[in-house]
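Asks: As you go down the protein sequences, you meet chains F and P in turn. Under this note's numbering, the letters of the first sequence match residues 559 to 864, in that order. Under this note's numbering, the letters of the second sequence match residues 1275 to 1513, in that order.
What the hints contain is simulated information worked out from the structure, not anything from laboratory work. Where hints are given, some of them may not hold.
[What the hints assert, rightly or not] What follows is a set of in silico ranges between Cβ atoms, one per label pair, in the way DEER data are often shown: (1) Arg851/F / Pro1480/P: 14 to 24 Å; (2) Val577/F / Ser1312/P: 56 to 66 Å; (3) Asp835/F / Ile1289/P: 49 to 59 Å; (4) Ile575/F / Pro1480/P: 42 to 52 Å; (5) Asp1307/P / Ile818/F: 47 to 57 Å; (6) Ser1476/P / Leu815/F: 35 to 45 Å; (7) Arg1323/P / Trp571/F: 28 to 38 Å.
Glycine included, C-beta positions come from ideal geometry on N, C-alpha and C.
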Amino acid sequence: MLERILDVLLQRWRRLIVVVALVAAAAWAIGLALDHSPRVVVHVWADEPVLLVNGGTGGRPGATAASTLRELVASDAFLDPILAAADPGFGSSARRQADRRKELRDHLEVSSAGDHLVILRYATDRPAYGAAVMRGLATAFAEQTIATMAAQVAAARPGPTDALAGARDSVAWSATRLGTHAAPSTTLATRAYINALIWQAKADAARNTVRDALDSADPTSTAAMSLQQATIRVIDPLIVSQAPPWSSSLALRFFWLGLIGATAVALAALTFIGMTDRRVRSATDLEGRTGIRYLTSTPVIGRARP
Amino acid sequence: MIGARAPLSAQSWGIALDGATTGGDRGETLRMDVLPPSMIDRCGTALRRLTSIASAQSTVIAVASPGRRDGRSTVAAGLALWIARETDQRTLLLDLDFAHPGQAEIFGVTSAPGLAEFVSSEEALRGIGDADGRLWLLPAGVRTNQAPPGLLQRLRADDAYHACRERFAWTIVDLPPLLDSNEVVRWCDAADACVLVARYRSTPMPGLERAAHMLRGAGTTGVVVTADSGIPEWVRRRM
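Same shape as in the complex, but just chain F:
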């Protein structure tokens, strides 16, 4: 039976894809039409220092900032001060807190455009509240980014002094082993090791410049503020938009629902056709039901012959 269903699938896969795509597109359009919530839109500019949040491994600042923000929004500790500032009654009950968090997480869309731009869209029926939340979110995000970067530089990092100390330790360790084992390195090897560490430190110099700035920065100081401005900043005034974006969460939910539903219905229909259709579809089926040996199949050669 399976081969019959597979054959029906092979026969009709183009139609199947078209139908499923049409249904999904129609569901998406319906979702878009039903989505009347106004949206508070914020454009945030992220610059290269934001890459240090991920250890400075390269990438696009906009995408890094967007993914970091998505992670932060999942944290209650990050969200609660923002929501409390925007909604005076936030702390009145645990239920209300949970509702506000869920509502924000469900209706906030964070996306990046180009290398630097991060777009935050928050669909809410209360634009004033939404604007307050978004302002708080952008500010808290910038502060959190700086805090993360500052925490990173507290970790040990390679530098010329550390490298020399490491090399010295290495030589000392080798010396203690003399008499029982051969020395692990020669003078030449020790010198090469030290050189390699120094070169590594030079390669890290560019990043260390930013780290050094952060080392000495007081979060309230002018230096830290200017660093924050150089990392994350809101570049446009808040916009309250009535038009849902293409990526409206309601429309996307409808799209996935349509896609999965249409696929399930289409597969059920294929199974039904495979079970009820009585035409020749497979060699095994043919041999099994007639008891006659299958020899070969011939290609389609145009119009049917008698």
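Let chain F serve as the given structure and place chain P on it in line with the hints.
Replies: The following block gives chain P in isolation, referenced to the frame of chain F:
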């Protein structure tokens, strides 16, 4: 009009065949490029898989299908063309589908006069050969809207095949649909092998099962599926 001709004996068949295949008719010659090479190759594959008949001195292969439009005539022509192409043995293609003669159309020659006229009005049997005289076609004759009742009955399969075996190494017989007439079964039973043709995604399975049941007395039998949609055969085998 169908005359009251007595069933032909093997000797009468032999004389008629000798007359039909000595010299061409109306200057017509069978072309060998009427089917795509891929089609002919697949027919050759089918023939090779009927291995039990390969050692026979002269072989008659009946080509039948449960209904119309299954590709039976094309397969019969493909088998004949493959044999003519790959061997230097004399091959005869016999079109016995009087109601819907297809071989003359495939080879682009005139169908009449043919076997129907030979049987019904005692006209001389007409054969059309290729340039080398290895492949010969006996066309069915004038196309009729409905097969004249009993026309096939007037020919005895054993006698016809006997005469063919004496003169040709291979005889391919294009038969009418199996489910249209019980007479067809006799022609399949008398042949050395029978190729049952079914059209992919078209031939109903119950009809094919019935045809297979009717052929249970026939010799070596195999199925060729026509109108393959392009799925590789190893995939089809697994399916």
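Asks: Take the hints in turn and mark each one as holding or not.
Replies: Verification of the supplied hints:
1. Arg851/F / Pro1480/P: 14 to 24 Å: Holds: the Cβ-Cβ distance is about 20 Å, inside 14 to 24 Å.
2. Val577/F / Ser1312/P: 56 to 66 Å: Violated: the Cβ-Cβ distance is about 33 Å, outside 56 to 66 Å.
3. Asp835/F / Ile1289/P: 49 to 59 Å: 51 Å, holds
4. Ile575/F / Pro1480/P: 42 to 52 Å: 32 Å, violated
5. Asp1307/P / Ile818/F: 47 to 57 Å: Distance hint for aspartate 1307/P, isoleucine 818/F holds at roughly 53 Å.
6. Ser1476/P / Leu815/F: 35 to 45 Å: With a Cβ separation near 38 Å, serine 1476/P and leucine 815/F satisfy 35 to 45 Å, so the hint holds.
7. Arg1323/P / Trp571/F: 28 to 38 Å: At roughly 30 Å between Cβ atoms, tryptophan 571/F and arginine 1323/P fall inside 28 to 38 Å, so the hint holds.
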